[in-house]
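Engineer: Quick mapping for you: the protein sequence lines, in order, are chains S and Y.
Residue 672 in our numbering sits at position 672 of the first sequence; the count goes up by one each step and never skips.
Position in the second sequence counted from 1, then plus 1000, gives you our numbering.
In case anyone wonders, no lab produced these hints; they're calculated from the structure.
Worth double-checking, as some hints may not be accurate.
[Unchecked claim] Distance condition first, Cα-Cα at most 27 Å in a straight line; then the derived DSSO-like pairs of lysine-lysine:
{"#": "1", "chain 1": "Y", "residue 1": "Lys1003", "chain 2": "S", "residue 2": "Lys256"}
{"#": "2", "chain 1": "S", "residue 1": "Lys562", "chain 2": "S", "residue 2": "Lys676"}
{"#": "3", "chain 1": "S", "residue 1": "Lys676", "chain 2": "Y", "residue 2": "Lys1125"}
[Unchecked claim] To spell it out: a stretch of chain S is covered by chain Y in this simulated footprint if at least three of its residues, at any positions, have a beta carbon under 8 Å from a beta carbon of chain Y; those stretches are:
{"#": "4", "region": "194 to 207"}
{"#": "5", "region": "214 to 224"}
{"#": "6", "region": "227 to 235"}
{"#": "7", "region": "269 to 275"}
{"#": "8", "region": "336 to 347"}
{"#": "9", "region": "389 to 396"}
Note that the coordinates shown come from a computational prediction; the quantities given were computed from them, not determined experimentally.
Here a beta-carbon is modelled for each residue, glycine too, at the ideal position from N, C-alpha and C.
Chain by chain, the residues:
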Amino acid sequence: MNHIAKNPEMNRRSFVVSAAAAGGGLALGFELPLGPSAAEAAETGPEVSAWVVIRPDETVVIRIARSEMGQGTLTGLAQLFAEELECDWSKVTYEFPTPGQNVARKRVWGDFFTAGSQGIRSSNELVRKAGAAARLMLIEAAANEWKVPAAECTAAAGTITHTASGRKVTFGKVAAAAGKLEPPAEIKLKDPKDWKVIGQGKKRLDTPVKVTGEAVYGIDIRLPDMVYAAIKACPVVGGTVKSFEAAKIAGRNGVKKVVQVDKDAVAVVADSWWRAKTALDALPIVWDEGENAKVSSASIASWLKEGLDADQALVGNKTGDAKAALAGAAKKVEAVYGYPYQHPVTLEPQNATARYTADKCEVWASTQNGEAALATVSEASGLPIPQCEVYKTFLGGGFGRRSTSHDYVRQAVLIAKEMPGTPVKLLWSREEDMTHGWYHPVTQCKMTAGFDADKNLTALHIRISGQSILATVMPARLQEGRDPATFSGLYPGGPEAAIGYGVPNILVDHSMRNPHIHPGFWRGVNINQNAIYLESFMDEMAKEMGVDALEFRRKLMANHPKHLAVLNAAAEKGGWGTPAPQGVFRGLAQHMGFGSYVAACAEVSVTGNKVKIHRIVGATDPGYAVNPAQIERQIAGSFVYGLTGLFYGGCTVKDGRIEQENFDTYDMMRISQMPKVESIVMPSAGGIWGGVGEPTICVAAPAVLNAITAATGKRYRTFPLRDHGLSIA
Amino acid sequence: MIKLTINGKAHDIDVEPDTPLLWAIRDTIGLTGTKYGCGIAQCGACTVHVDGVATRSCSFPVSEAAGKQITTIEGLAQNNVLHKVQKAWIDLDVPQCGYCQSGMIMAVAALLKEKPKPSDADIDKAITNICRCGTYQQVREGIHAATANA
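One chain only, chain S, in its complex shape:
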């Protein structure tokens, strides 16, 4: 039996990938949805365990709980599993198990949460052990058949061998028997030095379907008799629907229903999305915008500015006595920075398809957290979890937007509840998506440094003022009121996000101020703000002291060898200390986040208001590099994400609402602006599995900012640079 998606499109996807992976050529041009034969092709084959189906044709179907949104986790996790399974990599394909099945099977696949660069970090051991368990069961099944001790048998490349007799059998022949055995009690994982699949730049398993249009994203779901919904929520978060005139759009072609969704939104359901959307545009809606309509970017900025000098603040790092040391410093350096709201902009706008009946509610959606989506379905439908299900698709970008807030899932279910039995695909317009996001939170930062008479940095006070993500999104995760994410990369130590500089007296504290705009886990989260503040200020201090920016940092990094190693690597490959081409200037940055150490060395030239970014070297130490080829792609992509944010990524608030509604006012880097990226992947092992989907983003902006200052003498402290008239050449 099969425990995966019941959606015919999902089966189709599995089938196509299997065909491609097995060298069976391409399946193109078939009708949608597929008939039962292809669906069966995806479903035949016995489970060895919940994690893996091995078909008689030797295809190995590995079940991947985490979401694939471009970061390559799907392939990386499959590599981890395949390493221990000892299968033939060319036979590997995959399926996404459903959150409902995870609940029903006592969470056998662990957590579905795919954010915070956690995909491989937090599940690598579980996945490797599951792969090893399946291998042991396959071996035991073969040994039973041969009536020999399992210890005399080995597995490699999908074949089990009885060493003494030379007998061999393939996985596919014993998979059914293996599936009936008890899982082994004791599992010993391979020594990393014996890895053959982990550490290899294997091709992504999902590429073939992504070049033919066959990959299925949430937006692509098609079900029999499906209808389409477009929605508008109050443009001011916290506001509500006062009234709407459904009669004004009655009789329009294809329009089926007008539905109020919760207190704050109105949806139109039609027989195509375009008809729903145009009818919604024609629907008169009156909003009660409430008190939040008085808020503007200026009012938020002045509120945050007060926080920079507020007496009370939440302490994230206190080493020594920074305030006293600053009072006695021979010289002080101070700078204030500000960072705007930014929208994550998944290119696939938020959407979900829901089908509700009195005893079942099913949702198909792009989500970074299938189980959270499932909980949302249960809550919105009023049905208990065993009567709910979520079928995950590929994500057209996640970037944190689809990790904690499933507002789009809730809305889809509420609309579907109004039309029992009819599947409803809710799709947000880009304008709805841009103005109802979960934004990279706004913060300001005051940096104060104290030096002794010998130019030694003796004290550093980092005061952050601004919005907490957790206070809104996961208040239960606050620690005595503190939001630990706020201090990312500024902690005194630990394997996650430690500051890379040794200063005798450090104080990092946070004056929390939470405007009504929703904050979210924008890709990289607070290391982005914090790295800009700290690494810009490092250069500012070095300049004040008349010391080279690299030397200034190195002097503070004696006890931070991993931070230093990536910085040195980026600086060396970047040519730091050697002459740059005429008119080209360099900038450096380093930081730690999500268990990984990252650094960058950027080369820019500035002509008028145009910044040409010629080249960036990115170095990363993620502990273990499961797929170095994909890590290089994450590094290159991270620079695009971070630099788009630096130059263009500012959402402003007017009358309580986000002003930027589409890409004409919220620009993004294009291929012509792409610098040459050179990556250094330098895993140092040591038991720490760092992330790769996010960390590098945070060094993109400060490395380029420092290079711009080197080129122009000007220091920019508020962002995006668009506001200073700068753009990327």
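Start from chain S and add chain Y according to the hints.
Structural biologist: Below, chain Y without anything else, positioned relative to chain S:
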């Protein structure tokens, strides 16, 4: 009824003439490889070929598409043989999330029809599609790889 020819196949569809071609392709005809990103011809996720020309279908009324040859990502491969851009994309593992890549590939395929061996400057000028994952470096390599023997 509007007559559309998509990937060589004729369709009679009942939509308003000002409906963007994108929604006719996705919702009415059911080919979902062509994506919606912005609706204002900024991002290029919806790029298809109209009589061989790369066209942002989100801002192209279906009435103007009538009678023309429309090719979507599903129709790019011929006789089950992938287009050279698709092949290069697989060889270099270009896509990440992949959502923009249908449009990206269609834009590149149209460029190569005009310029079989484009320079970097040609690429910069012609390819303005947005990729949020930032695959631009691989896209550029992929274009050069696809045209290496041109």
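Engineer: It remains to establish, for every hint, whether it holds in the given structure.
Structural biologist: Results of checking the hints against the structure:
no. : hint                   : verdict
1   : Lys1003(Y) - Lys256(S) : holds (25 Å)
2   : Lys562(S) - Lys676(S)  : holds (25 Å)
3   : Lys676(S) - Lys1125(Y) : holds (17 Å)
4   : 194 to 207             : holds (count 4)
5   : 214 to 224             : holds (count 7)
6   : 227 to 235             : violated (count 1)
7   : 269 to 275             : holds (count 4)
8   : 336 to 347             : holds (count 3)
9   : 389 to 396             : holds (count 3)
The earlier numbered hint that this structure contradicts is number 6, and it is the only one.
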